[in-house]
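Student: Protein chains in written order, with my numbering: chain V, 1 to 115; chain P, 1 to 113.
Misleading hints may appear alongside valid ones.
[Said to hold, decoys possible] Cross-link-like lysine to aspartate or glutamate pairs, in silico, EDC-like; alpha carbons within 16 Å at most: (1) P:K1 x P:D27; (2) P:K105 x P:E17; (3) V:K11 x V:E85; (4) P:K105 x V:E44; (5) V:K15 x V:E85; (6) P:K1 x V:E85.
Simulated from the structure, these hints should not be mistaken for laboratory data.
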Amino acid sequence: GAGVSQSPSNKVTEKGKDVELRCDPISGHTALYWYRQRLGQGLEFLIYFQGNSAPDKSGLPSDRFSAERTGESVSTLTIQRTQQEDSAVYLCASSVRTGWNTEAFFGQGTRLTVV
Amino acid sequence: KQEVTQIPAALSVPEGENLVLNCSFTDSAIYNLQWFRQDPGKGLTSLLLIQSSQREQTSGRLNASLDKSSGRSTLYIAASQPGDSATYLCAVSVNQAGTALIFGKGTTLSVSS
Numbered sequence: 001g002a003g004v005s006q007s008p009s010n011k012v013t014e015k016g017k018d019v020e021l022r023c024d025p026i027s028g029h030t031a032l033y034w035y036r037q038r039l040g041q042g043l044e045f046l047i048y049f050q051g052n053s054a055p056d057k058s059g060l061p062s063d064r065f066s067a068e069r070t071g072e073s074v075s076t077l078t079i080q081r082t083q084q085e086d087s088a089v090y091l092c093a094s095s096v097r098t099g100w101n102t103e104a105f106f107g108q109g110t111r112l113t114v115v
Numbered sequence: 001k002q003e004v005t006q007i008p009a010a011l012s013v014p015e016g017e018n019l020v021l022n023c024s025f026t027d028s029a030i031y032n033l034q035w036f037r038q039d040p041g042k043g044l045t046s047l048l049l050i051q052s053s054q055r056e057q058t059s060g061r062l063n064a065s066l067d068k069s070s071g072r073s074t075l076y077i078a079a080s081q082p083g084d085s086a087t088y089l090c091a092v093s094v095n096q097a098g099t100a101l102i103f104g105k106g107t108t109l110s111v112s113s
């Protein structure tokens, strides 16, 4: 596609429910990143994929968070048993590859509200 | 631990003014620095990428400089316009694989007509 696409754009869920957030990276981009941005805060790194593997899971805030990527394409970020503090905008980015000179391109984000 | 700071947090200027946004980082061992723009309710748009070996990059009315040794970058916006109103974020790539961009909290710019 022309850019990074995320769905849904907005999600309201009840506390305790599971949610899945989807990211379609730019075609041909092997690196994919997930970030979280809470209201009034900076971007918080969650996880990145190189191909289908995730060498760096250090940013996932708890074991309720998981992510997978299939076919070096679509990625899904899953949050189980959502809590109110999970409310944030979840941003996905992709780049041609990981590397020192590669530019990251971001999607429009999914705004998650846990009520 | 790498930390990125952006000053000021907010800035209001009249249309036509030239302005400078500041970004500083604590660990000079970066591999690149990227400036982004974020409009309300939207994702991030990449503006400029400066590799660690470079001193500056230019795109239109935007000029970004990098002084890696002192841990500083500036984004210069010439002849500001109301359409420039947005939050500007800088981010550094902290390892050779570029695995994670570490972001500042941004400077929110408001340009009045």
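Student: Compare the structure with each hint and give your call.
Tutor: Verification of the hints:
no.: 1; hint: P:K1 x P:D27; verdict: holds (8 Å)
no.: 2; hint: P:K105 x P:E17; verdict: violated (23 Å)
no.: 3; hint: V:K11 x V:E85; verdict: holds (14 Å)
no.: 4; hint: P:K105 x V:E44; verdict: holds (10 Å)
no.: 5; hint: V:K15 x V:E85; verdict: holds (10 Å)
no.: 6; hint: P:K1 x V:E85; verdict: violated (24 Å)
In this structure, the earlier hints numbered 2 and 6 are contradicted, and the remaining ones agree with it.
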